[in-house]
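Chains as they are written, first to last, in my numbering: chain A, 1 to 367; chain B, 1 to 367.
No wet-lab data here; the hints were simulated from the structure.
Please note that the accuracy of each hint is not assured.
No distinction is drawn between identical chains; accordingly, a pair holds when it is met within one copy or between any pair of copies.
In silico SDA-like links for lysine to any residue, alpha-carbon gap of 20 Å or less [what the hints assert, rightly or not]:
no.	residue 1	residue 2
1	K100	E333
2	K236	E14
3	K331	G96
4	K338	H207
5	K236	G346
6	K338	D355
7	K236	A30
8	K331	A218
9	K338	S241
10	K236	G13
11	K347	N290
12	K338	A60
13	K236	R15
Number of protein chains: 2
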Amino acid sequence: MSQIAEEVAINLGERSYSIVIGGGLLADPASYDGLPHAANALIVSNTTVAPLYAARLRAALCGRYALIHEIQLPDGEEHKNWQTLQSIFDVLLERGCDRKTVLFALGGGVVGDMTGFAAASYMRGVPFVQVPTTLLAQVDSSVGGKTGINHPLGKNMVGAFYQPQRVICDLDVLGTLPAREFSAGLAEIIKYGPIADLEFFVWLEQHMDDLIAQERSALVHAVRRSCEIKASVVGKDERESGLRAILNFGHTFGHAIEAGMGYGAWLHGEGVGAGMVMAAELSRRLGLVNESFVGRLRGLIHRAGLPTLAPLLDDQDNAGRYLQLMRLDKKSEAGEIKFVVVEGSGKAMLHSAPDDLVRDVINACCR
Amino acid sequence: MSQIAEEVAINLGERSYSIVIGGGLLADPASYDGLPHAANALIVSNTTVAPLYAARLRAALCGRYALIHEIQLPDGEEHKNWQTLQSIFDVLLERGCDRKTVLFALGGGVVGDMTGFAAASYMRGVPFVQVPTTLLAQVDSSVGGKTGINHPLGKNMVGAFYQPQRVICDLDVLGTLPAREFSAGLAEIIKYGPIADLEFFVWLEQHMDDLIAQERSALVHAVRRSCEIKASVVGKDERESGLRAILNFGHTFGHAIEAGMGYGAWLHGEGVGAGMVMAAELSRRLGLVNESFVGRLRGLIHRAGLPTLAPLLDDQDNAGRYLQLMRLDKKSEAGEIKFVVVEGSGKAMLHSAPDDLVRDVINACCR
Numbered sequence: 001m002s003q004i005a006e007e008v009a010i011n012l013g014e015r016s017y018s019i020v021i022g023g024g025l026l027a028d029p030a031s032y033d034g035l036p037h038a039a040n041a042l043i044v045s046n047t048t049v050a051p052l053y054a055a056r057l058r059a060a061l062c063g064r065y066a067l068i069h070e071i072q073l074p075d076g077e078e079h080k081n082w083q084t085l086q087s088i089f090d091v092l093l094e095r096g097c098d099r100k101t102v103l104f105a106l107g108g109g110v111v112g113d114m115t116g117f118a119a120a121s122y123m124r125g126v127p128f129v130q131v132p133t134t135l136l137a138q139v140d141s142s143v144g145g146k147t148g149i150n151h152p153l154g155k156n157m158v159g160a161f162y163q164p165q166r167v168i169c170d171l172d173v174l175g176t177l178p179a180r181e182f183s184a185g186l187a188e189i190i191k192y193g194p195i196a197d198l199e200f201f202v203w204l205e206q207h208m209d210d211l212i213a214q215e216r217s218a219l220v221h222a223v224r225r226s227c228e229i230k231a232s233v234v235g236k237d238e239r240e241s242g243l244r245a246i247l248n249f250g251h252t253f254g255h256a257i258e259a260g261m262g263y264g265a266w267l268h269g270e271g272v273g274a275g276m277v278m279a280a281e282l283s284r285r286l287g288l289v290n291e292s293f294v295g296r297l298r299g300l301i302h303r304a305g306l307p308t309l310a311p312l313l314d315d316q317d318n319a320g321r322y323l324q325l326m327r328l329d330k331k332s333e334a335g336e337i338k339f340v341v342v343e344g345s346g347k348a349m350l351h352s353a354p355d356d357l358v359r360d361v362i363n364a365c366c367r
Numbered sequence: 001m002s003q004i005a006e007e008v009a010i011n012l013g014e015r016s017y018s019i020v021i022g023g024g025l026l027a028d029p030a031s032y033d034g035l036p037h038a039a040n041a042l043i044v045s046n047t048t049v050a051p052l053y054a055a056r057l058r059a060a061l062c063g064r065y066a067l068i069h070e071i072q073l074p075d076g077e078e079h080k081n082w083q084t085l086q087s088i089f090d091v092l093l094e095r096g097c098d099r100k101t102v103l104f105a106l107g108g109g110v111v112g113d114m115t116g117f118a119a120a121s122y123m124r125g126v127p128f129v130q131v132p133t134t135l136l137a138q139v140d141s142s143v144g145g146k147t148g149i150n151h152p153l154g155k156n157m158v159g160a161f162y163q164p165q166r167v168i169c170d171l172d173v174l175g176t177l178p179a180r181e182f183s184a185g186l187a188e189i190i191k192y193g194p195i196a197d198l199e200f201f202v203w204l205e206q207h208m209d210d211l212i213a214q215e216r217s218a219l220v221h222a223v224r225r226s227c228e229i230k231a232s233v234v235g236k237d238e239r240e241s242g243l244r245a246i247l248n249f250g251h252t253f254g255h256a257i258e259a260g261m262g263y264g265a266w267l268h269g270e271g272v273g274a275g276m277v278m279a280a281e282l283s284r285r286l287g288l289v290n291e292s293f294v295g296r297l298r299g300l301i302h303r304a305g306l307p308t309l310a311p312l313l314d315d316q317d318n319a320g321r322y323l324q325l326m327r328l329d330k331k332s333e334a335g336e337i338k339f340v341v342v343e344g345s346g347k348a349m350l351h352s353a354p355d356d357l358v359r360d361v362i363n364a365c366c367r
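Isolated chain A (complex conformation) (with noise of 0.2 Å):
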């Protein structure tokens, strides 16, 4: 594996893996060393990364799998469906797949989430290993376990807890990402400060113009240390029953807002870009912040080329339409809205609010 590789562990149980960090790392057939020995692989991919990277992936494999199948989904959160997952069962079916099989998720969130399931699905569970292509995915979607689908009234309902053999971040790779992808994934990164680490979250606010400009180093720390603390948030509540939920801060208004806008419109990232504005805007208001703080994440989040004013939903009644679609959210418990506020400190917790303050904050915070 590459010397300048770096590996933060994951650490549940039998279920443990590692996550990889470096540059070079896809086409190094050293990267996959130690990974379950099969018949088939399949490389699930899109058709704007699989023209990138599907060779080079197939070729760092071809020494360990003797049949290397491969599927294009189509490229977009509006085909995150059934349709699109029924495609790779397909595949995996007509070439006579067994469930020793390795799936190898080669893309963004979509592509991983997507995958995982499958491989979480196919034959009640087949291994599967992330190789993420975005910065969103490097430091969030594909870290966890998380797996699914959207359906049409709601995103992620379907789905599983089933976690990778490994992850391969190879930051090489990002220099083919759009700009606005790459802002999309910095709105995961900065998210990482407020809940777990003000530290980071200073050093954020010196390095964003390194970032912004993909300076290696500073891009190494902010993954690097991205997944430090979701492995450890990960680690401590596998299936979101309390502390993982705090992943989600600015999710809860995101979600509405790409809900709303129709899947795709907004990116997950942007989304999350000025739902953590509307997070830290009730935080505020629940007097557990203050204006300054909320001013400097403001600040983050614009540096980064991100939204910092939520989208109207709805001519007649905005609010309303924010909290129906919120209603929906799986941290919702018999229709109240939990949602991820933070403590200035590092910190974040579950917290529900009363209507009328939630209206306001929606109110203050759309454009």
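Model the placement of chain B on the given structure of chain A, informed by the hints.
Structure of chain B alone, referenced to chain A:
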């Protein structure tokens, strides 16, 4: 809980649960004591079973859950697919069911498998309870945590290992079960003898007439002993990495029959009945059991009202068609079919066999 109820424990660490067996359990609110609290429950049943028992189950649950929703699936193996599963998610989301919602599977194996997979996947996992209304589901499919749906290219190809909170086997409901389905359930009961308990095999030879007459004490013994054997096997191998596969005695051939005839034409238990004769004949040709053992098993299957001759699946190359279908079996590895064979002493194991020998078995066992 009713005083005559017996309990079998499934020991799977934090996923342990119990099977309760007796009369009058379904309508007794005490049967549900200790289940997780929630605002919502969803009874999943089908158009055949719901009119008979859904109201009774609802009445027994109404003291525990504020909102009890209901969905009736179309009846039959041919509906064990994604479209039907999706209809469960639709109801859950339309009714705003959160991730504490408890699902109740009221029906046979198809309802149980789909409800279990829906519970495994909805919001990445909600609790569920099995209330099996067929003999087959009581002694087999509702115990052990195998859930899933069929794919056009294979049975149970998409699913999850996901354990219920409890299994409630109410023997009274078997009174409304058609004789053909009761016989299909006997196939899975018969299975446990050759693979694990020769004494039970002998007991079944002595009590088959009592079972057919649904004599209560015989029924309690047969259901309890079946669940005990299954519990013991599943407790040692939850995810079917080895030992658990012996529960599929007769199923490799049986699945080929079901798939080859078109799902629904042969009941699962009927396929297993004829499939056990084929697997025993294969065991004999491998030198593991003698002709007398095969004859005794065939006789028992016949007395249970089950087919002992397999159907022709192809006029041109019948054995080839069987082999083609069996290569899709989940136990196959790299195209090699693994058969469950028996030794005659109440033991089973996985075994491969040359195609020619398997062809001979198929030719000898088809009508």
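20 Å Cα cut-off: does K236 pair with G346 within a copy, between copies, both or neither?
within (17 Å within a copy, 44 Å between copies)
K331 and G96: within-copy, between-copy, both or neither at 20 Å Cα:
Classified as between; 12 Å across copies, 39 Å inside a copy.
Alpha-carbon proximity context of K347 and N290, limit 20 Å
Answer is within: at 14 Å inside a copy they meet the 20 Å cutoff, but 70 Å across does not.
Homomeric proximity label, K331 with A218: Cα distance no greater than 20 Å
For K331 and A218, neither the intra-copy (33 Å) nor the inter-copy (48 Å) Cα distance is at most 20 Å.
Intra- versus inter-subunit Cα pairing at 20 Å for K236 with G13
both (11 Å within a copy, 18 Å between copies)
Within, between, both or neither: how does the pair K100, E333 come out at a Cα-Cα threshold of 20 Å?
between (38 Å within a copy, 8 Å between copies)
Taking 20 Å as the upper bound on the Cα-Cα distance, should K236 and A30 be classified as within, between, both, or neither?
neither (30 Å within a copy, 35 Å between copies)
Identical-chain pair category, K236 with R15, by Cα at 20 Å:
both (13 Å within a copy, 18 Å between copies)
Checking K338 and S241: alpha-carbon separation at most 20 Å within a copy, between copies, both or neither?
within (13 Å within a copy, 40 Å between copies)
At most 20 Å between C-alpha atoms: does K338 with D355 qualify within a copy, between copies, both, or neither?
within (12 Å within a copy, 59 Å between copies)
With 20 Å as the alpha-carbon cut-off, assign the pair K236 and E14 to within, between, both or neither.
both (14 Å within a copy, 16 Å between copies)
One pair to classify: K338 and A60, alpha carbons no more than 20 Å apart. Within, between, both, or neither?
Neither way: K338 and A60 sit 45 Å apart in one copy and 31 Å across, limit 20 Å.
When the structure is compared with the earlier hints, violations turn up for hints 4, 7, 8, 12 and for no others.
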